[in-house]
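K.L.:
Each chain, written out:
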Amino acid sequence: MFLRNPRLTEKIAFAWLFAAMLLVLIPVFLILAIVFKNGFSVLNIEFLFSDPRLGMRAGGIFPALVGTIYLVLGTLAFSLPMGILAAIYLSEYARDNWFKRMIEVAIVNLAGVPSVVYGLFGLGLFVIFMKFGASILAGSLTLAIESLAVIITASREALNSVPRSFREVSLALGATKWQTIRRAVLPNAVPGMLTGTILASSRAAGETAPILFTVAAFYLPRLPQSVFDQCMALPYHLYVISTQVPNVKLSIQYGTAGVLILLVLSMNTIASVIRTRFRKRKLW
Amino acid sequence: MTKAKVVVESLSVFYGAIQSLKDVSLDVKEFEILGVIGPANSGKTSLLRTLNRLSDENPLFRKEGKIFLEGADIYEKMDVPTLRKRIGMIFALPAPLPLSIFDNVAYGPRLHGIGEKNEMEAIVERSLKAAFLWEEVKDRLDTPAMKLSGGQQQRLCIARSLAVEPEVILYDEPCSGLDPISTSRVEEAMQELKKKYTQILVTNNTKQAARVSDRTAFFLMGELVEIDRTEKIFTVPQDKRTEDYVSGRFG
Numbered sequence: 024m025f026l027r028n029p030r031l032t033e034k035i036a037f038a039w040l041f042a043a044m045l046l047v048l049i050p051v052f053l054i055l056a057i058v059f060k061n062g063f064s065v066l067n068i069e070f071l072f073s074d075p076r077l078g079m080r081a082g083g084i085f086p087a088l089v090g091t092i093y094l095v096l097g098t099l100a101f102s103l104p105m106g107i108l109a110a111i112y113l114s115e116y117a118r119d120n121w122f123k124r125m126i127e128v129a130i131v132n133l134a135g136v137p138s139v140v141y142g143l144f145g146l147g148l149f150v151i152f153m154k155f156g157a158s159i160l161a162g163s164l165t166l167a168i169e170s171l172a173v174i175i176t177a178s179r180e181a182l183n184s185v186p187r188s189f190r191e192v193s194l195a196l197g198a199t200k201w202q203t204i205r206r207a208v209l210p211n212a213v214p215g216m217l218t219g220t221i222l223a224s225s226r227a228a229g230e231t232a233p234i235l236f237t238v239a240a241f242y243l244p245r246l247p248q249s250v251f252d253q254c255m256a257l258p259y260h261l262y263v264i265s266t267q268v269p270n271v272k273l274s275i276q277y278g279t280a281g282v283l284i285l286l287v288l289s290m291n292t293i294a295s296v297i298r299t300r301f302r303k304r305k306l307w
Numbered sequence: 083m084t085k086a087k088v089v090v091e092s093l094s095v096f097y098g099a100i101q102s103l104k105d106v107s108l109d110v111k112e113f114e115i116l117g118v119i120g121p122a123n124s125g126k127t128s129l130l131r132t133l134n135r136l137s138d139e140n141p142l143f144r145k146e147g148k149i150f151l152e153g154a155d156i157y158e159k160m161d162v163p164t165l166r167k168r169i170g171m172i173f174a175l176p177a178p179l180p181l182s183i184f185d186n187v188a189y190g191p192r193l194h195g196i197g198e199k200n201e202m203e204a205i206v207e208r209s210l211k212a213a214f215l216w217e218e219v220k221d222r223l224d225t226p227a228m229k230l231s232g233g234q235q236q237r238l239c240i241a242r243s244l245a246v247e248p249e250v251i252l253y254d255e256p257c258s259g260l261d262p263i264s265t266s267r268v269e270e271a272m273q274e275l276k277k278k279y280t281q282i283l284v285t286n287n288t289k290q291a292a293r294v295s296d297r298t299a300f301f302l303m304g305e306l307v308e309i310d311r312t313e314k315i316f317t318v319p320q321d322k323r324t325e326d327y328v329s330g331r332f333g
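So the sequence lines, in the order shown, correspond to chains A and B. Take the position in the first sequence, starting the count at 1, then add 23; the result is the number in the working numbering. Take the position in the second sequence, starting the count at 1, then add 82; the result is the number in the working numbering.
No lab work stands behind these hints: they were computed from the structure. Wrong hints could be hidden among the right ones.
[As the list claims (entries may be wrong)] Facing chain A, from chain B, some residues (calculated, C-beta under 10 angstroms):
hint: 1; residue: P163
hint: 2; residue: M171
hint: 3; residue: L179
hint: 4; residue: S182
hint: 5; residue: G190
hint: 6; residue: R242
hint: 7; residue: P248
hint: 8; residue: V318
[Stated by the list, open to error] Computed Cβ-Cβ distance ranges for the label pairs, DEER-style:
hint: 9; chain 1: A; residue 1: L285; chain 2: B; residue 2: R144; range: 57 to 63 angstroms
hint: 10; chain 1: A; residue 1: R187; chain 2: B; residue 2: V318; range: 37 to 43 angstroms
hint: 11; chain 1: A; residue 1: L285; chain 2: B; residue 2: D161; range: 52 to 58 angstroms
Computed from a predicted structure; not experimentally measured. Ideal Cβ positions, reconstructed from N, Cα and C, are used throughout, including at glycine.
So here's chain A without its partners, still in its complex pose (with noise of 0.2 angstroms):
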């Protein structure tokens, strides 16, 4: 039997999980190129910075792109804080009993949550029950309940990666426990629990579902004024000019997705980049 040949099976199995590996990094790689193949033309200052013109058939993206970036800001201005509050409580306040298991059961589901399910949640809640309306502020707080999840489940990571021995000097050396936690973990756990923070949020930027009924304009050639106006977002309007508006030139499309991807790694860069500066100062 061939399969008795250990060198033999070692080579069948490193092919597959070379082909495995080839297979996750082929649509990653059509996706950009064909993306950028297509929108290159369209891809330049003007297209960002002007206005939308001729029923979104010419002109720029320049109010979805700003309406992203408002949600984005709006997202982790809730997030970040309930986010690294709660699992520092989770993590180090919180006895092991039934109720703190619950909570995690919780966390976990939330995760799963499909995110149209967030955004009829935020209609209900944020816009008619809290009667903010269809605004950034609804928007916002949509988005953030639903990347909470992650950000609790990175920030605890971050917090349990600090070692036990930290806790214990910083204790015996008379300190309370919150003294302990502010000067001797957050210190060593912030960065994790920024880069988890920044990764959650940056899938905020790119959702579609949960802004749809929360705070998503389909046309709006103007900026916001403040947070209980409605914004145009960069997924939303590409989906608009994509499915809901005829002839929209295929560069206008695939230029409104390039930025949106652009946008979106920009931030992942700017999390791994917080995590390998830490890396290195990190030493134990």
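Given chain A's structure and the hints, the job is docking chain B onto it.
P.N.:
Coordinates of chain B only, in the frame set by chain A:
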């Protein structure tokens, strides 16, 4: 006769269903070094961690009996941060925080509200000198403490404990990760510290206890078998088990 600094009264310690100390009573006299020896799982570390209430961090921990620091019950009459400020602890592995040398030593005093720069500099210098580290690091106080050698790190940890001006210092196998030269440096520092501090040294190295401590306590399976002058423990122990242990027949 010097006075008793720490009094342990029929102390039993449990972690869940496991009992790690059984009805232990002993005194620690002021300015002495008490060596605590015994094989693994004999309860030595449990004793230390109960003395400064680090055991409280373990949700399974439960104790019976009483511990007094200068006559005050440390579980009834003292808040935990104050107790831990008065009873410092040095861990088995050198555990500097990922801060500069200066900030490591300043960590404790800052917790307790010392903010003035000159005062802090004086505390850091005094503490590093007392731990016999000053000469080696005085020109590079702002370099990361993690870059020091293991022995230097352990003396830094001693300096860091001294900076909060404790009365008692607990050592949990402080030299288990150190080479002989670093070990002798740490032991030298301990001898010098005797003038001002009461010290309890838990060690797996019986020779170290013989070299350093004034009195030695031998623990076995959570029981205090014998406590006496160090030279007595090592020459004419009262208990057969002590004799077997110090003569290297087991452990």
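K.L.:
Evaluate each hint against the coordinates.
P.N.:
These are the hints, each one checked on the structure:
1. P163: holds, 4 angstroms
2. M171: holds, 4 angstroms
3. L179: holds, 6 angstroms
4. S182: At about 12 angstroms, which exceeds the 10 angstroms cut-off, the nearest Cβ of chain A leaves the hint on S182(B) violated.
5. G190: Constraint on G190(B) satisfied, holds at 4 angstroms.
6. R242: holds, 7 angstroms
7. P248: Holds: closest Cβ of chain A sits about 9 angstroms from P248(B), inside 10 angstroms.
8. V318: This interface hint is violated because 36 angstroms lies over the 10 angstroms limit.
9. L285(A) - R144(B): 57 to 63 angstroms: holds, 59 angstroms
10. R187(A) - V318(B): 37 to 43 angstroms: Hint holds: Cβ distance 42 angstroms, inside 37 to 43 angstroms.
11. L285(A) - D161(B): 52 to 58 angstroms: holds, 55 angstroms
In this structure, the hints that do not hold are numbers 4 and 8, in rising order.
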